[in-house]
Amino acid sequence: MANMAQAIRMALHYGEKNLGVTEIFGEDVGAPLGGVFTATQGLDNAWNSPLDERGIIGAALGLAWAGGRPVAEIQFVDYIFNVVDMLKLCANGHWGSGGRYKTPMVVMTPTGSGIHGSMYHSHSFDSIATKLHGMKVVCPSTPLDAYGLMIAAIKSDDPVLYLKPKALLRSKGEELIPGEPDEKTLHDMIDAPLGDRTKWKAKWPKLQEYVVEIGKAKISHPGSDATVVTHGRMAPICLDVARRFAKEGKGAVEVIDLRSLVPYDWDAIKASVKKTGRVLFVNEETEITNFAEHLIRRLVDECFYELRVRPRLLAGKATPGIALSPNLEYFIQPQTKDVERALGELLSDPA
Amino acid sequence: MAPMPTAKSAPKPAASGDAYKKLGAAKLLKIHELMVRARLLEERLIKMSKGGDGFFWIGGPGEEAFNVPLGLQVKKGHGVNFDFLHLHYRSAAIVLSMGAKPIDSLRQMRSVATDVYSKGRNFVNHYAIPEHNVVPVSPTIETQYATAIGTGIAQARAKTDAITIVNGGDAGTAEGDFHSCLVWSNRPVRPLPVLMIVVNNGWGISTKGETQHGEKNISDWAKPFPDMPGRTIDGNDVAESWAALEEAFAYVRKNRKPYLLEARCSRLYGHSSSSGANRLAEPDCIEILEKKMIERGLAKAPDFKKVWEREAAELDAAHKQVKAEPFPETKTVWEDVFADGLPPSYPTKGGS
Ligand SMILES: Cc1ncc(C[n+]2csc(CCOP(=O)(O)OP(=O)(O)O)c2C)c(N)n1
Chain A
1 MANMAQAIRM ALHYGEKNLG VTEIFGEDVG APLGGVFTAT QGLDNAWNSP
51 LDERGIIGAA LGLAWAGGRP VAEIQFVDYI FNVVDMLKLC ANGHWGSGGR
101 YKTPMVVMTP TGSGIHGSMY HSHSFDSIAT KLHGMKVVCP STPLDAYGLM
151 IAAIKSDDPV LYLKPKALLR SKGEELIPGE PDEKTLHDMI DAPLGDRTKW
201 KAKWPKLQEY VVEIGKAKIS HPGSDATVVT HGRMAPICLD VARRFAKEGK
251 GAVEVIDLRS LVPYDWDAIK ASVKKTGRVL FVNEETEITN FAEHLIRRLV
301 DECFYELRVR PRLLAGKATP GIALSPNLEY FIQPQTKDVE RALGELLSDP
351 A
Chain B
1001 MAPMPTAKSA PKPAASGDAY KKLGAAKLLK IHELMVRARL LEERLIKMSK
1051 GGDGFFWIGG PGEEAFNVPL GLQVKKGHGV NFDFLHLHYR SAAIVLSMGA
1101 KPIDSLRQMR SVATDVYSKG RNFVNHYAIP EHNVVPVSPT IETQYATAIG
1151 TGIAQARAKT DAITIVNGGD AGTAEGDFHS CLVWSNRPVR PLPVLMIVVN
1201 NGWGISTKGE TQHGEKNISD WAKPFPDMPG RTIDGNDVAE SWAALEEAFA
1251 YVRKNRKPYL LEARCSRLYG HSSSSGANRL AEPDCIEILE KKMIERGLAK
1301 APDFKKVWER EAAELDAAHK QVKAEPFPET KTVWEDVFAD GLPPSYPTKG
1351 GS
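Quick note, the sequences are listed as chains A and B, same order. Residue numbers for the first sequence follow this note's numbering, beginning at 1 and rising by one. Residue numbers for the second sequence follow this note's numbering, beginning at 1001 and rising by one.
Keep in mind the hints are simulated off the structure, nothing from the lab. Bear in mind the structure is a predicted one, so any value in this text is a computation, not a measurement. Mixed in with the good hints there might be a few duds.
In silico BS3-like pairs for lysine-lysine, Cα to Cα no more than 25 Å straight-line [what the hints assert, rightly or not]: (1) B/Lys1331 <-> A/Lys131; (2) B/Lys1349 <-> A/Lys274; (3) A/Lys88 <-> B/Lys1349; (4) B/Lys1021 <-> B/Lys1323; (5) B/Lys1159 <-> A/Lys17; (6) B/Lys1349 <-> A/Lys270; (7) B/Lys1349 <-> A/Lys216.
Construct all of the structure, not just a fragment, from the sequences and the given hints.
Following this line, the structure appears as structure tokens:
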């Protein structure tokens, strides 16, 4: 089984071989490191840029205008805040130019908590990302989705912000990527050796095109008693809890893994909530002006009479940062036990 | 900051001969015509802004002596084999010299449906001209120096003599994006064919440059980089501008390395409509050109008068036409949000 970092690497390689990706760049993205999470190891077109986020996004936008399909990386989403206006330019260029300039570019960046990253390696960016109107925003939670979303992002003529959940980059999935060999073989083929890498070259498995359509959510667990809408690091946690609840007879919880935040799969959310009448939104962003608050407002507008109980949000606490000490981090950021509690309350709330 | 050179203090023509005579009457008359076209356009735009026939005005009257020679030296076309231009909002004379039509600027000022640059969405002088590689002009100061890096990389990779040109003002050079462009253009592993231009009018809105900038010349920012020439010129002088641009274009085209050119120019109508947009007593580059041409017997005053009258008449006709054109329909705001269209479930109500 490939992990998510390997999956992204394979998708990028598919992109450089088949989809015209000639520039993959950012801080420490090229050899010898291949990215701080190894997501760009062994790629032919990966290179190191100056330590300059504004230059990185500017370069990507210029490359897109020049007809390329660049993939740029911001090393951690925690360091994306000084390029918000550059991202706005990426997002509004097509609209602002009356449709004259397309912006086919991908900005990928590790997001969220879960690696004991303290104040500046734990941030989420979802709410701000979803306000860069014109930009598409995706966030996978499995290696296969990571592969399919990256290929979709590369093929898109719109700018795509590709959020990589830090905590999941080493995690493996339950589904194979088309063309993926067994784990040991894959490791020997595409993971750079420790020590001297100057002579090392990746050997790539025969990869195939596999696209996860941007804007399509996934029902990762079907159910009819309650709906959980989530993405990224929280998606496997919600899936795990839903499975346990089903096994223990606590209720049939439908888990919607959004995968795309912009555009989001409104039809999937609405259909599920109409069925269950109970909904919990779970994400890592802080609760003030949380992206899910928009979804809740829209549900109240469009499904008021189908909601059997009040819709709920489980999110990060609105602290100025995420603290290092584990008991503080686990208090600030939603964990498995919080999902269990919130789901339990949702299911038992009298209609 | 050194005082801005006026026409008087500008360097004398090279000993090899008079720079104006070398350019010749035909070319100078062509340049003059474009300068007049740009000036009259800007003055018309100011009038529209003040008369309720549009809103905010910002533009480049006073920069024509530099911007027309620039526009005329661009290798214009579409794609990496042609020059890319990352311009700021004072570049009317550049795009007019590349063939843009004044009527399209009037349309953007009036924000009518026929505004080709932005469909009534952006301020005047904010172009997007893909057929000539003029990338979308943004009101955000200095971001164009960051995007120039990208087209520069594309051209550094391609087998081409095409280059990237970026311009902006003097105050904006304090922003990091200017320094991003310097650093990325001079990376030892891949230098970039970028012509970095700074038009120094001595002001950032109401703040005098010399109160904020200790560097003597902005072009001195090229000094740390061994392969990047830096030069400051009198941008109010056509011949000096033409020659300096010729040298800079040639260097970047041939060596595939960056060049920093600072042009000292007048800001004839102040910063924008926000500061009144009234004519100021700074050297006027068109008057300077006309005087130099007459002195050298390259033209006579009545020749110039004819140009002013003809250009004004054309502008009158264009303005009349634009006034009859419709404003954009509200439903057009949903066009171009995404390249592949708006998803059916995208929220479009603006709330409940
Ligand atoms: C990032 C940013 N900050 C502030 C502004 C507001 N603003 C518009 S023009 C301007 C002054 C720019 O001065 P300079 O760079 O010298 O260019 P000039 O207008 O003189 O040509 C400012 C501060 C802006 N548009 N963008």
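Worksheet item: Holds or violated: are the alpha carbons of lysine 1349 of chain B and lysine 216 of chain A at most 25 Å from each other?
Response: holds, 22 Å
Discussion item. Just to be careful, I want the Cα atoms of lysine 1021 of chain B and lysine 1323 of chain B compared with a cutoff of 25 Å; is the pair within it?
Written reply: violated, 43 Å
Worksheet item: For the pair supplied as a hint, lysine 1159 of chain B and lysine 17 of chain A, is the alpha-carbon distance within the 25 Å limit?
Response: holds, 21 Å
Worksheet item: For the pair supplied as a hint, lysine 1349 of chain B and lysine 274 of chain A, is the alpha-carbon distance within the 25 Å limit?
Response: holds, 21 Å
Discussion item. So if I understand the rule, the pair passes when the alpha-carbon distance is 25 Å or less; does lysine 1331 of chain B with lysine 131 of chain A pass?
Written reply: holds, 21 Å
Worksheet item: Taken at face value, is the distance from the CA of lysine 1349 of chain B to the CA of lysine 88 of chain A at most 25 Å?
Response: holds, 22 Å
Worksheet item: Holds or violated: are the alpha carbons of lysine 1349 of chain B and lysine 270 of chain A at most 25 Å from each other?
Response: Status holds; Cα separation ~17 Å.
In this structure, the one hint that does not hold is number 4.
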